[in-house]
Amino acid sequence: MPKIEVYKKDLFSYIGRSYTDSELEEILPCAKAELDGVDEEQGILKIELNDTNRPDLWSTTGLARQIGLYEGLYRKEYPFFSSKESKKDYGNRIVKVDPSIKAVRPYIAAFAVRGKGITDEGLKDIIQTQEKLCWNYGRKRKSIAMGVYRSDLFTYPVQYRGADPEGTSFIPLGSDKKMNLRQIITDHPKGQEYGHIVAGEPVFPFITDAEDKVLSFPPVINSSEIGAVQVGDENLFIELTGTDFPSLLLSASIVACDLYDSGFEILPVKIVYPYDTEWGREIVTPYYFQQPIAVDTEYANKLLGTDLVPEEMEKALFRMGIESEHSGGSLTVAVPGYRNDFLHSVDIVEDIMMGRGMDTFSPEMPSSFTVGRLSREEEFARKVKDIMIGLGFQEMMYNYLGSGKDYIEKMNVTGETYIQIENPMTENYEYVRPSIMPSLLNSEAVSANAVYPHAIFEVGKVAFMDPKDDSGTVTKNYLGFLRADSTEGFNSASSMVSAVFYYLNREYSLSDTADHRFIAGRSAEIYYNGKRAGIFGEVHPGVLENWGIQMPSSLVEIDLDILLQQGT
Amino acid sequence: MEFDVKSLHPLEIKLLRHAGEGDEITADRIMTELSFKLGQCNQAFSWLSAKGYLKESKRISRILYEITELGSEYREKGVPEARIVHYLKTAGPKKMPEIASALGLQNKDVGSAFGQLSKENVLKMDTEKNVTVVSDKLPERTAILTGLLEKASLDKFLDDDLLSEAERAVLKDNSKKRGASASPFRVIERDDVQYVLTEEGKAVKKYLLEQGVTGEEIGAVTPEMLASGSWKGKSFREYNINTPPNRVLLGRRNPYGEYLQWVKDKLSSLGFEEFDGPLVETEFWNGDALFMPQFHSARDIHDVYYIKNPSHTKKIEQPYLDQVAATHENGWKTGSRGWGYTFDHEFTRRQVMRSQGTVLSAKQLHKAKVPGKYFGVARCFRYDQVDATHGADFYQTEGIVLGEDVNLRTLLGLLKMFAEEIAGAEEVKYVPGYFPFTEPSIEVHIKHPVLGWFELGGSGIFRPEVTKAMGIDVPVLAWGLGIDRMALMHLGLNDLRELFTPDIESVRLRRKNENA
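Chains as they are written, first to last, in the working numbering: chain A, 16 to 583; chain B, 8 to 523.
So that you can see chain A by itself, here it is in the shape it has in the complex:
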C-alpha cells in the first residue's frame, strides 16, 4: 500500500482549515487513509493510503480534495477535460505518434501547465505523485511512466516514436555525456532499474520536439536539458506513456487535477495517432473517458441494511464528491474525472456508506440459525493430543518452512519429493516441511540445557510431492514425537506407539525398514489397514551428530489422515 509524505501546511491550506493530529486521525478514514507518523520538525505527515484503486488520493492535493469535499469546505470544477462530445482548445500543442511505436508502448497522453513558479514543496509533490502513480498503479512503470519537462525549451509538435537503440543518443539526466539508448539501459542507474521493460524490443520509445531536440526515453529517463525541471519554472509539459490506455488517461487526469488544485492553469494537448484507439485517432488530453454508472437503490439498501430514499443517497455521494441523479429506482452516478474505481454498482454502495458515515449504521445480529462444528481432523487431533499429554509429552509448535540443510543434509535423506520454494528470501526458509522429525530434532539440538528427560510432540501439517494429485503435492496432518534421555531407545518408542494406537482404538502392524535416519534393525514402519501410516525408531548417532545432539533419542511419526480415513 502506498505511503506518502505531505507538508502539513500545504495540506491544511488546500483543505481550508487545520487539524490536530487526533482530528486528522478522525477524518482520514474518509480517504481510507491512516496517519502513519508525524515529523514535527519538518512539518511533514506520513500517511498510508489503503485503497490501491484510488491513485487520485496519493498526493497532497488529492488527499486534500477528498477531505475538503467530505468536510464541505471545497468543491472545484475541472474545466479542462475534453470528452467525446467536446474538445478543449489545444492551441498549437500537438503530439504526433509514429506507427513504429505501436508494438512497443502504444499510448501517450499529455498536457501543459502555466502558472506562478513552481515551489520546492510543489516540485517534491509532483515527483512523489509520479513515483506513486508509476510504481504502485503503473506496475513499476511497465504500464504507466510519466515525464515532466520545461515547455519553454522545445517546439511543438512533439514526436513520439520508436527509435533505434544503437543509433539514437542524447545526454540523460544524471549524466554529463551523450549515451545511446542501449548504453543507457546497461550503464545508467535508471536504465538498470527500468531498462528491462523495453530491452527486448527492436525499437525503444523516444520523445523529441519538432526540431529533434530530445525530451526523453520513456519509461527510463528524461534528457538532461528539457527534462530537468527546477524550482521557479512557470511553464511545464507533462506526458505519460504506457500500455494500458484507460489507466494512462486516468493518471494524466489525476496529475492535471492535482496541478490545477495547486494553482496552475491546465493547457490541453492533442494527441494524433496513426492507428485506431478505443477513443479514436485524435484525442485531446486530459480526457474524460468515464461512463456513467447506475445502481439500483433497492440493491443499495439491501446491501447496507437500510431504508434510504434516493435523495439521502445522492446527498451521501455528494459528500464524497460525486454528482448523481435518480430516476425511478435507479441512481445514476457521474464518475469524477480523477477516479475510475467504479467497476460494479457495489462500488457506489461503498461511497454511499462512507458519505453517510459509519456512525449512522447500527450493528445488528444475523438472524439465521447455523450449526457450529469443528472439522473431523481437528476433533481427531485433539484426541491424539490428549493421549500424548497423558504419556507425558510437551506439545510444541513449529514453523512450516526450513532449510535444505535441516530437512535434507542433517537427516541423511535425499529429499527428492520435498517441495522447494523458487524464490526463497533466505536459505533458512527454502523448503516446505516434509516431516515433523527435523523440527523435533532441531528442538532437541537447541535444548540440551533443559532438564531431561525430553518428551515433545507436535500435531501439525507437512507437505510433499504426490503425483496422484492434480497439484502434484499433498498436505497431510501428522503426529510426530521425540524422546531424548540417557536410557532412550527403540523399546521406549515402541511402547509409546503401542499406547497411542491402543487408546485410539486402532490395530497396527510393523514391518522392517532400512531408513538411514535410524539405526539399522532398530526402526520400523507402521502399517494401518494395509497402508503405511508411519515410522519410528532409534535415531542414528550419525543423524544426532549432524544436529549436534549428545543424548540418545527416539522419533515417531504417524500419518493421522490415514488413521482417520478408515477410522471407526
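Please note: incorrect hints may appear among the correct ones.
Taking lysine to aspartate or glutamate pairs in the EDC-like style, the calculated list, with each CA pair at most 16 Å apart, reads [said to hold, decoys possible]:
#, chain 1, residue 1, chain 2, residue 2
1, B, K322, A, D259
2, B, K273, B, E428
3, B, K322, A, D484
4, B, K423, A, E379
5, A, K111, A, D227
Label pairs and their in silico Cβ distance ranges [claimed, not checked]:
#, chain 1, residue 1, chain 2, residue 2, range
6, A, S501, B, S171, 48 to 58 Å
7, B, E324, A, P114, 40 to 50 Å
8, A, T201, B, E512, 50 to 60 Å
9, B, P456, A, N544, 46 to 56 Å
A few chain B residues that face chain A, going by a derived Cβ cut-off under 8 Å, partial list only [to be verified]:
#, residue
10, E231
11, P317
12, R470
Simulated from the structure, these hints should not be mistaken for laboratory data.
Every residue gets a Cβ at the ideal spot worked out from N, C-alpha and C, and that includes glycine.
Starting from the structure of chain A, add chain B where the hints point.
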C-alpha cells in the same frame, strides 16, 4: 516456648537432646556416643550453629598422622630394614640387586637402607660387593616405626600431641603431606572445634525433652512397615512444608495451541463450521478467484512464495476457471465491467504457498450451505523479512457468512460479537477499509482493556465478482481476525517468533496470563 520442631532435622534433634548443658561438644564425642558419621556430625554442627543453638567454644589445631597403603604393606610384611637383615641372616651374603628382587623392593630403597644400616654397623659390604650382616641388633627406630604402624592401624590416626620425642623423630622421616604414597604415613592438619549449647540451644533442648521429641520418629513410610505393622505405637516425623519442592516434568499443551483451540471453540459455539485446506495453492485460488487482477498492484500486498516443482497444477476446476477468467476480462454475468485485460491461463495454474486465509473462504463458496457460517485457522506464508512482527509463516483466522439477511449492518453486528466475545473489547469502532475482494470493506478497531485501541480485523461483503463467479447469488460476509497480537498478550510475549520457538524449556515454562 513456642517452637516449630519441623525446622529441625533428626540429626539436630538427637544432638541437642544428647549434649549436656556445660559439655564441650566435639565431633569425636558425638561420633562415639551417638554413632554419627563424621559427615553427619559436621552437618549437624553447621545447621545448629547457623540457627544459633550451638556456638564454638574452642578451636584446637592438631597434627595427625594417617597410615598410607605403603604403611599398611610395611605393617604386614615388616619394615624394609628388618626384612633385609632377616633375609641376609637366612640366605647368607647377597648382592644388592639380588636382595631387591628377592624381597620385591626397589633397588634405591635397598640402597638407602644399606647406607643407613652400614653407618650403624649392622651391615657391611665385602670386596665382592656382597652385603653381609655384622650385628643382628637393629636400631631402635625400626622398632619404633613398627610400633607406630601397629598403633596407627588400630587407632586410624596418630595424634602428634600424644607422641614421644623419639616417635616424632621417626615420623618426621616417614611421613609426607601430600601424595604420600612413597611414605608409610600421611600428615593431616586438622582444626578440632569444640561447641557449647547457647541459651537458645538450651531452651530448644528443654522443649525437645518436654515434648518427647526424640529424632527417632518415622520418616518415609515403607511397604515393609505397613506389612509388619511396625509403625504402630511410633510417632511420625513432621516435615517442613516450606522446603522447596523438586521439579516435576509433565506433559502439557502448548499455550499458543491452547489459545487457538479456545478461538476455534468460541467460533464453533457462535455457529461457525470449520474448514481447512492444503498449504500449496494456485494463483487461481490465492488471487484470481478473489478478483485480484493478475498484474495489478493490489497483488503487491500479498507477495508470495512460488513452488519450484511442480510449478503448475495440471488443471483448475471448471466451470469456475472460465467464470473467473471471464469476470476478470469483462465482468462475465456479475454486473461488473471487469478489469479489462486478457486473463493469463498459464499464470493462474502457477503454484504458490497459500498467502492469505481468504483462499479457504473462496474455495468454500461453491460448496457452502445457505444460510451458512464458516471459519478456518489457516497457516499462511509471506515473502517477508522475518522479525518480531513478521513470520515466514503464521496463522490467519478467517471466515464467511452466507445468507439472504447478510448486509452491512449484520456485518457490523458480527464484528461487534467478535470484538466482545473473542477480544473482550470495551469499545468498538468501524472504519472504511480496502480489500480487493470485498466492497464495502470495513476494518474493526477495538479498545482492549490491556492493549488499548488496535485493529482487530478486516472484513467486508464479498464483491459480486467473487461470489457470482463461484455460483453464489446471496451476499457473503468475509472476515479475518488478527488474533496473534492477542495471543502474544495472553502469553506475555512481544515477539511473533516466540510463538513457534523450538526451545523446549521456554515452552515448558510458558503460562497463560488469565487476567490479560
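Going down the list of hints, with the structure as the test:
1. B:K322 / A:D259: Answer violated: B:K322 to A:D259 is near 29 Å, above 16 Å.
2. B:K273 / B:E428: Satisfied, since the Cα-Cα distance of roughly 8 Å is no more than 16 Å.
3. B:K322 / A:D484: OK: B:K322 and A:D484 at ~10 Å, within 16 Å.
4. B:K423 / A:E379: This hinted pair holds, its Cα atoms lying about 9 Å apart.
5. A:K111 / A:D227: Satisfied, since the Cα-Cα distance of roughly 13 Å is no more than 16 Å.
6. A:S501 / B:S171: 48 to 58 Å: 57 Å, holds
7. B:E324 / A:P114: 40 to 50 Å: 44 Å, holds
8. A:T201 / B:E512: 50 to 60 Å: For B:E512 against A:T201, whose Cβ atoms are near 55 Å apart, the range 50 to 60 Å holds.
9. B:P456 / A:N544: 46 to 56 Å: 51 Å, holds
10. E231: 28 Å, violated
11. P317: Result: holds, 3 Å to nearest chain A Cβ.
12. R470: 6 Å, holds
Taken one by one, the earlier hints fail for this structure at numbers 1, 10, listed in ascending order.
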